[in-house]
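K.L.:
Now for the letters of each chain:
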Amino acid sequence: MNKQIRALSARPAAAAIVLFARAITAVRAIWPENGLPSRQCVYFANHSSHGDFVLVWAVLPPRMRQTTRPVAAAEYWLKSSLSRFIGRDVFDAVLIERDPAKRVEDPIDLMARAVDAGSSLILFPEGTRNQTGEQLLAFKSGLFHLAMARPDIDFVPVWINNLNRVMPKGAIVPIPLICTVTFGSSVHLQAGEEKGAFLQRTRAALLALAPQQAGKGK
Amino acid sequence: MTAANSDLLALVAGIFGVLITASVIGFVLQRRISPDGSNAAIENLNARIKAWWVMVILIGVAFLAGRAGVLMLFAFCSFAALREFITLIDTKRADHWALASAFFIVLPIQYYLLWAGEYGIFSIFIPVYAFLLMPIIAVLRGDTERFLVRIAEVQWALMICVFCASHVPALLTLDIPGYEGRNVLLIAFLVIVVQLSDVLQYVWGKLFGRTKIAPNLSPSKTVEGFVGGICSATLIGALLWWITPFTPFQAGLLALIITLMGFFGGLVMSAIKRDRGVKDWGNLIEGHGGLIDRLDSVVFSAPIFFHLTRYWWSLS
Chain X
0 MNKQIRALSA RPAAAAIVLF ARAITAVRAI WPENGLPSRQ CVYFANHSSH
50 GDFVLVWAVL PPRMRQTTRP VAAAEYWLKS SLSRFIGRDV FDAVLIERDP
100 AKRVEDPIDL MARAVDAGSS LILFPEGTRN QTGEQLLAFK SGLFHLAMAR
150 PDIDFVPVWI NNLNRVMPKG AIVPIPLICT VTFGSSVHLQ AGEEKGAFLQ
200 RTRAALLALA PQQAGKGK
Chain F
0 MTAANSDLLA LVAGIFGVLI TASVIGFVLQ RRISPDGSNA AIENLNARIK
50 AWWVMVILIG VAFLAGRAGV LMLFAFCSFA ALREFITLID TKRADHWALA
100 SAFFIVLPIQ YYLLWAGEYG IFSIFIPVYA FLLMPIIAVL RGDTERFLVR
150 IAEVQWALMI CVFCASHVPA LLTLDIPGYE GRNVLLIAFL VIVVQLSDVL
200 QYVWGKLFGR TKIAPNLSPS KTVEGFVGGI CSATLIGALL WWITPFTPFQ
250 AGLLALIITL MGFFGGLVMS AIKRDRGVKD WGNLIEGHGG LIDRLDSVVF
300 SAPIFFHLTR YWWSLS
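So the protein lines, in turn, are chains X and F.
Residue numbers 0 to 217, in numbering that gives the first Met the number 0, belong to the letters of the first sequence in order.
Residue numbers 0 to 315, in numbering that gives the first Met the number 0, belong to the letters of the second sequence in order.
Keep in mind that the hints were calculated from the coordinates and are not lab data.
Among the clues, some could well be false.
Stated by the list, open to error - Pulled a few chain F residues facing chain X out of the computed Cβ check, cut under 8 Å:
| no. | residue |
| --- | --- |
| 1 | S33 |
| 2 | T86 |
| 3 | F102 |
| 4 | W203 |
| 5 | L206 |
| 6 | R209 |
| 7 | T210 |
| 8 | A213 |
| 9 | P214 |
| 10 | N215 |
| 11 | D279 |
What the hints assert, rightly or not - Derived lysine to any residue pairs resembling SDA-like cross-links, with alpha carbons at most 25 Å apart:
| no. | chain 1 | residue 1 | chain 2 | residue 2 |
| --- | --- | --- | --- | --- |
| 12 | F | K272 | X | Q134 |
| 13 | F | K205 | F | F103 |
| 14 | F | K278 | X | A207 |
| 15 | X | K168 | F | K49 |
| 16 | F | K91 | X | W30 |
| 17 | X | K168 | F | K272 |
| 18 | F | K91 | X | D108 |
| 19 | F | K49 | X | W30 |
| 20 | X | K168 | F | K278 |
| 21 | F | K211 | X | A207 |
Remember, it's a predicted structure, so these values are computed and weren't measured experimentally.
The beta-carbon is built from N, C-alpha and C at its ideal position, and this holds for glycine as well.
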């Protein structure tokens with residue numbers, strides 16, 4: 000695709016994707032008691048569907064949305080010209096090479112540079128989509144290394160509820176279901192905190208946002 | 000101006016009068032009792048009144064747009080209600096195609112049949128065809144766990160949210176001698192009586208409520224609210240006879256049936272909420288909860304009102 004056409008169509012495409020996501024899921028944000036985060040931050044969320052970052056993106060106020068970039072797997076989003084367009088032009092994703100052998104750049108460096116440039120990030124610390132019966136997989140260490148590299152940044156847990164039922168693996172047609180995106184209070188790396196402790200603490204902060212009531216997508 | 004138009008105009012003026020009065024009362028209460036927004040009951044009252052304005056204006060616009068507008072409005076209501084219902088039930092991956100076809104095949108067909116005026120198939124499409132189709136689609140995936148429960152839940156969701164709800168716009172298809180071109184007023188009659196009954200039950204209950212009527216289901220419903228609300232809504236229904244093809248007595252009788260069905264519909268739907276451990280069906284309407292929270296009494300009364308009217312008054 001021509002570069003200018005791509006640039007011109009990125010915004011309408013983003014608007015269309017957000018509108019579609021809203022029409023299907025009637026998505027609603029639940030902010031923490033002290034309100035939505037006021038400054039640049041790294042949102043870390045549970046990952047069970049391709050649409051996860053779209054929902055987080057959709058509920059952010061437009062001003063914050065413009066500076067928020069998802070962190071995603073390069074090999075997935077560079078596969079076809081359409082996914083390249085969506086990943087790079089529409090959502091301006093920070094693309095990470097998951098296979099260490101193929102890496103030309105360190106993922107933590109990439110993320111840290113995006114943060115330095117003023118972007119907020121949407122990160123899925125499970126590293127892959129959760130297809131198991133578990134609520135939340137163990138976190139990969141990327142979140143910790145990013146926190147080490149940029150210790151001042153706010154890490155905000157975000158629980159995405161129900162989207163895995165809308166589009167289970169292999170489904171082509173979505174089922175309209177109401178989704179919620181719950182934001183928690185920000186977490187920071189404490190002085191001298193070990194990797195395991197930090198990952199456990201952030202994971203617990205995210206799990207604490209998961210709804211407990213009956214009937215919510217087991 | 001035709002008679003239908005002037006009746007509709009008088010009705011609209013009346014509804015606006017009620018809403019303006021409610022808004023003024025809400026404003027004064029807020030100034031007097033809750034200037035800092037601390038009284039939850041008054042904040043909720045004002046949120047509800049605001050939402051009423053939006054709902055009345057939406058229904059009004061749909062009425063102006065004619066049959067297509069009314070059908071589209073209720074098709075959207077069915078869609079949003081079905082989405083709330085399915086969100087609360089325990090579905091499995093094996094149900095995916097059954098659920099997708101409920102939304103994207105069954106629902107559009109039901110409203111298309113209404114548009115095409117195919118009453119014969121409209122009245123059995125969901126209870127016969129969709130009810131047999133859902134388990135067939137689901138069984139192909141071979142997952143038998145909780146099979147009966149899963150199928151029954153989807154069938155009931157379709158029954159309540161699509162079949163019952165579609166009987167409101169179905170009132171447009173009735174062919175009543177001497178009432179041509181005024182069918183939209185039948186919808187207005189049904190919706191006004193049901194919703195006023197809900198509101199009046201609440202008001203009577205707040206003023207005089209002592210004896211809880213069903214403490215396990217709905218702690219706010221009382222015998223005094225029930226009797227007062229049903230009686231006053233029936234009376235208002237009788238007084239609205241001039242927008243219907245009925246005599247004042249018949250209008251009152253139908254209003255009584257509508258309000259009773261609405262009351263029990265509310266109880267049934269709150270039993271489902273209790274079972275699912277939620278307070279509201281959703282968050283679509285500020286102050287009211289989900290769409291089903293507002294629609295629960297309408298969906299139970301609509302098919303009965305439709306059939307009684309069709310049986311005794313309609314030629315079709």
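K.L.:
State for each hint whether it applies.
P.N.:
These are the hints, each one checked on the structure:
1. Below 8 Å, beta-carbon pairs count as interface contacts, and S33/F has none with chain X, the closest being about 21 Å; its hint is therefore violated.
2. Interface hint at T86/F: satisfied, since its Cβ lies 4 Å from the closest Cβ of chain X, which is below the 8 Å cut-off.
3. Taking 8 Å as the C-beta cut-off, the interface hint given for F102/F holds, the closest approach to chain X being about 6 Å.
4. Hint status for W203/F: violated, given a least beta-carbon distance of 32 Å to chain X, over 8 Å.
5. Using the Cβ-Cβ criterion of 8 Å, the hint placing L206/F at the interface with chain X is not satisfied: the shortest such distance is roughly 33 Å.
6. Below 8 Å, beta-carbon pairs count as interface contacts, and R209/F has none with chain X, the closest being about 32 Å; its hint is therefore violated.
7. The beta carbon of T210/F is not positioned within 8 Å of any beta carbon in chain X (closest approach about 30 Å), and the interface hint is therefore violated.
8. The beta carbon of A213/F comes no nearer than 21 Å to any beta carbon in chain X, farther than 8 Å, and the hint placing it at the interface is violated.
9. Because the closest C-beta pair between P214/F and chain X is about 21 Å apart, greater than 8 Å, the hint is violated.
10. For the restraint placing N215/F at the interface with chain X, the shortest Cβ-Cβ distance is roughly 17 Å, beyond the 8 Å limit, so the hint is violated.
11. Of the supplied interface hints, the one on D279/F is violated, with its beta-carbon coming no nearer than about 11 Å to a beta-carbon of chain X, more than 8 Å.
12. Distance hint between K272/F and Q134/X is fulfilled; the C-alpha atoms sit about 24 Å from each other, no more than 25 Å.
13. For the given pair, K205/F sits about 42 Å from F103/F by alpha-carbon distance, which is inconsistent with the 25 Å threshold.
14. Simply put, K278/F and A207/X have alpha-carbon atoms about 21 Å apart, close enough for the 25 Å limit, and the pair holds.
15. Simply put, K168/X and K49/F have alpha-carbon atoms about 41 Å apart, too far for the 25 Å limit, and the pair is violated.
16. Restraint check for K91/F and W30/X: the C-alpha separation of about 29 Å exceeds 25 Å, so the hint is violated.
17. A threshold of 25 Å between alpha carbons decides the hint, and for K168/X with K272/F the separation of about 29 Å lies outside it, so the pair is violated.
18. Using a Cα cut-off of 25 Å, the hinted pair K91/F and D108/X is violated, with the two alpha carbons roughly 41 Å apart.
19. About 23 Å separates the Cα atoms of K49/F and W30/X, which keeps this hinted pair within 25 Å; it holds.
20. Simply put, K168/X and K278/F have alpha-carbon atoms about 31 Å apart, too far for the 25 Å limit, and the pair is violated.
21. The hinted pair formed by K211/F and A207/X fails the criterion: a straight-line CA distance of about 36 Å is larger than 25 Å.
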